[in-house]
Every structure is written in structure tokens, then in C-alpha cells.
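Here the protein sequences come in this chain order: Z and U. Under the working numbering, the first residue of the first sequence carries the number 1, and numbering increases by one thereafter. Under the working numbering, the first residue of the second sequence carries the number 119, and numbering increases by one thereafter.
Read the hints as simulated data drawn from the structure, not as lab findings. C-beta atoms are modelled at their ideal positions from N, C-alpha and C, and glycine is treated no differently. It is possible that some hints are incorrect.
[What the hints assert, rightly or not] If you want the footprint, here are the derived chain U segments under chain Z, 3+ residues with CB under 8 Å: (1) 126-137; (2) 156-167; (3) 180-192; (4) 196-207.
There are 2 protein chains.
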Amino acid sequence: MESSSFENIRASRVEGTEVYNPQGDHLGQIDDLVIGKRDGEVKYAIMSFGGFLGIGEEYHPMPWNTLTYDPEKGGYVVNMSKDQLQDAPHYARQKEPDWADPAYGKRINDYYGTPPFV
Amino acid sequence: MESSSFENIRASRVEGTEVYNPQGDHLGQIDDLVIGKRDGEVKYAIMSFGGFLGIGEEYHPMPWNTLTYDPEKGGYVVNMSKDQLQDAPHYARQKEPDWADPAYGKRINDYYGTPPFV
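Working from the sequences, and respecting the hints, build out all of it.
Listed below in C-alpha cells is the structure:
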């Protein structure tokens with residue numbers, strides 16, 4: 001099962017998966033994915049962070065390739081500190097960005113130092 | 119919004135979208151997506167079909183690139199008849215295939231005549 005790149009998973013299984021940094025700090029959990037309608041690429045994983053019952057919660061879109069699945073932790077690992085995460089692009093539930101806006105995508109990719117997905 | 123390939127959408131918005139054939143027959147609706155953990159590609163859209171309240175429902179995984187979004191219909195269009203769909207690989211909810219099994223992926227791609235995603 002780990003032998004090839006054929007490691008497929010249902011999107012709804014990804015949602016809810018915990019996210020940690022390499023130091024083991026719990027950063028949040030995956031709330032949703034953002035995909036390209038035409039190219040079928042997973043662009044971002046949206047991590048939810050903080051809040052209680054959805055109140056005060058923040059959503060951090062992260063480029064998919066910044067996440068690595070760690071079977072031991074049973075979650076994804078992202079190489080960033082909590083401070084770095086605080087400064088990353090994020091939004092409140094009521095203020096969801098326009099995913100079709102390339103400028104927002106550029107902000108995310110610039111922050112994480114990953115190539116823009118356009 | 120339609121001007122570039124930067125047409126991103128949340129995965130959870132794709133789920134529930136109706137699927138039609140070019141003749142306008144309603145085929146089913148998107149239940150989930152199957153993505154590659156490493157390459158971040160959307161491999162299959164799982165379409166649910168038939169049944170009532172989840173009973174008797176069948177799940178048809180279709181290669182993502184067989185689906186075209188039609189804004190007029192407000193859903194995806196797949197170029198196949200209902201008969202072709204009946205013969206396509208599918209499973210009952212209780213018998214979900216192992217998505218990590220390349221042989222199952224090959225069956226799907228062979229049926230739809232799309233390149234294997236390995």
C-alpha cells in the first residue's frame with residue numbers, strides 16, 4: 001500500500017484530519033480542500049484553527065504540497081511554527097475569499113514560498 | 119471568473135452536484151472525490167446513483183477528466199448513456215473498494231478509456 005504513488009484517498013476522509021508541526025504542536029485540522037475545476041489539482045487544504053463550535057474559528061488555506069502525511073501521528077505535518085501560522089493568510093468563516101481570484105492564490109503561495117497555481 | 123484556468127472550488131461544493139449526460143438524462147450526483155495523497159491530483163469523482171435514503175444506492179467512480187461542468191445545467195456532464203453507466207465499475211456502500219489497489223484503478227480507467235493514474 002505504501003509501495004507506489006498510487007495512494008488514493010477519499011476527499012471526505014482528508015477532512016477532519018489533524019495537522020501538526022514537526023515539533024508535535026497541534027496546529028488545527030483539515031476542514032476542506034480547494035481543487036482546480038479544470039486541471040483537477042488539489043490546490044489548497046483549508047485548515048481550521050482555534051474557536052469553539054465554529055465561533056472564532058480561523059481558516060488557513062495552505063498549498064497542498066506543504067502537507068506531509070505522518071502515519072505515526074495519524075495526521076499531516078506542516079513545517080511551520082504557531083507564530084508563522086498566525087501571520088499566514090487566513091479568514092473568518094463569514095469572509096470566505098473568492099477562490100477564483102488569482103491575487104488571493106498568489107498571496108498564499110507567496111507566503112508559503114510555493115509556485116503559484118495559475 | 120471564467121477567464122483563466124484559475125477556477126478553483128471547494129471540494130465540499132463539488133459534492134452534491136448533479137450529473138447529466140449530453141441528452142439531459144439525470145445520471146446521479148457527486149458523492150465524494152478520490153485524490154492522490156502525494157501528487158495532489160483528483161483521480162475520480164464518485165457518483166451516487168439510484169437508491170433511496172442510501173439504501174440500494176450504487177457508487178460509480180469516474181475519472182475526473184470525463185466530467186465537464188455545464189453552467190447552464192448547473193451540473194456536470196458525462197458523455198455516456200444510462201446503459202453504459204450500468205455496465206461501468208460500481209459498488210454498494212458497504213463494499214467500498216480499496217482505493218490504494220492499482221488493479222481497481224485500472225478497471226475504471228480501462229472502462230472509460232482514460233490513461234491510468236499510477
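How the hints compare with the structure:
| no. | hint | verdict |
| --- | --- | --- |
| 1 | 126-137 | holds (count 7) |
| 2 | 156-167 | holds (count 8) |
| 3 | 180-192 | holds (count 3) |
| 4 | 196-207 | violated (count 0) |
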